[in-house]
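So the protein lines, in turn, are chains C and A.
For any residue, its number in our numbering is found by taking its place in the first sequence, counting from 1, and adding 522.
For any residue, its number in our numbering is found by taking its place in the second sequence, counting from 1, and adding 133.
Careful, some of the hints might be misleading.
List time: in silico BS3-like cross-link candidates among lysine-lysine, alpha-carbon distance up to 30 Å [claimed, not checked]: (1) 534/C <-> 567/C; (2) 789/C <-> 154/A; (3) 154/A <-> 647/C.
Keep in mind that the hints were calculated from the coordinates and are not lab data.
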Amino acid sequence: MRYVDEYRDADKARMLAAEIAALCEPGREYKFMEVCGGHTHTIYKHGIEDYLPDNVRLVHGPGCPVCVIPMGRVDDAIHIARQPGVLMTSFGDMMRVPGSNGNFFDSNAEDTSIRMVYSPLDSLKLARQNPDRHVVFMAIGFETTAPSTAMTLLRAEQEGLDNFSVFGNHVTILPAIKAILDSPDLRLDGFLGPGHVSTVIGCRPYEFIARDYGRPVVVSGFEPLDIMQSIYLLLRQLADGRCEVENQYTRVVPWEGNTTALEAIGKTMELRPYFEWRGLGFISHSALRLRDAYGRFDAERRFDLPGVRVADPKSCQCGEVLKGVLKPWECKVFGTACTPETPIGTCMVSPEGACAAYYNFGRFNREQVREASRT
Amino acid sequence: MCLAIPGEILEILPDRPELAKVEVSGVRRNINISLLDPPPEPGTWILIHVGFALSVVDEHEARAVLEFLEGLGQNYTDEIDALHDSRIE
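Build out the structure end to end from the sequences listed, making use of the hints.
In structure tokens, the structure reads:
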């Protein structure tokens, strides 16, 4: 059965590829950005680009929440972890993200306790179990993850815990997309909208991209065929002269999103005036912080943070990769000085990062394939 | 942490209606279901992200997502290992 299913899938992929090719105007270059790191993963793993005509290119966007954390925030987290009595927690993905003086593992080897947790609720449990410690949860993630932090804050309030706080680093995807659209570096023809972020925010928030920037958006699932179909839908819109937000991932994403989750975020958090994104710089209203009413759970208010801005290493080109200006293999240090074992940049650290995904699946770009087949 | 993983609800905890015992790839852990409205019944498949159910999916979709995740190899194993260490109450 499995074989038959796979065969049918490959068959469908070829059919979709033929329809995609038929929709392309000869001589026109198409560039679509996949915003989400999960999509990047599927694209590399299944070699989606090999199914596409040469004039359709996929560009990887800033949709890896670990990759966009600037080094200064890692340093701030380590600074908090060094305060007396502090037990710091974060997701496993954060542990190897380099700060200016090493990552969390390095600082643990010296004098900090930074533990990996699966969920912010596990941090809350650590706070209950360790009344003599102050437990800080370093929160990262897009709108997919922010509701979990919000619900955890509501729970901490309900329980009246006074030894728990959150070091908030939640970012919001729309201002980053807007920053990319406003950037002169890159001309894009449309977007594959993120699947899981959209289960929370729904599809309506993308409408400004279609309305104000004239670019179509298709919210897409993660299967190879989902991505192929979403590319087809983008090209169909362009061929018809339409520009809309469409939802390819209806089996998971409701148009209106998850209102309970949005309410929890709105109750506990508000937009920051600005936030630094690695590679993209400071972007207005692009991240969340705790509201005044939850100030006692805010690690940024509880601890004095150095808040020093740290420039990325000169050799690192994560910024260009995050903006889609460079493909991972075009970075000067990709696969040589920067590997998943010894990452220089965040795109190589997180499994969702474009560089790590590309490195792990060892894919060649099309030019390299052509060159290799000539020799 | 970027992954959303499918699991099947085995039971709603009798004294804690916001928590459900969920099975994910053979691992049984508590997951918070309070973001779902209406509350799901046992037997429902859900997509889970960092300890919270984000959405309800049908079994066919859940199995397709699972197959996709298993294909990710180490990234998925890391996620399941993290879940394994989780003790949400």
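Worksheet item: Regarding the pair residue 154/A and residue 647/C, is the alpha-carbon distance no greater than 30 Å?
Response: 17 Å, holds
Worksheet item: If you draw a straight line from the CA of residue 534/C to the CA of residue 567/C, is it 30 Å or shorter?
Response: This hinted pair holds, its Cα atoms lying about 18 Å apart.
Practice prompt. Take a quick look at whether residue 789/C and residue 154/A sit within 30 Å of each other, Cα to Cα.
Written response: At roughly 27 Å apart (the allowed maximum being 30 Å), residue 154/A and residue 789/C satisfy the hint.
In summary, the structure agrees with every hint in the numbered list given earlier.
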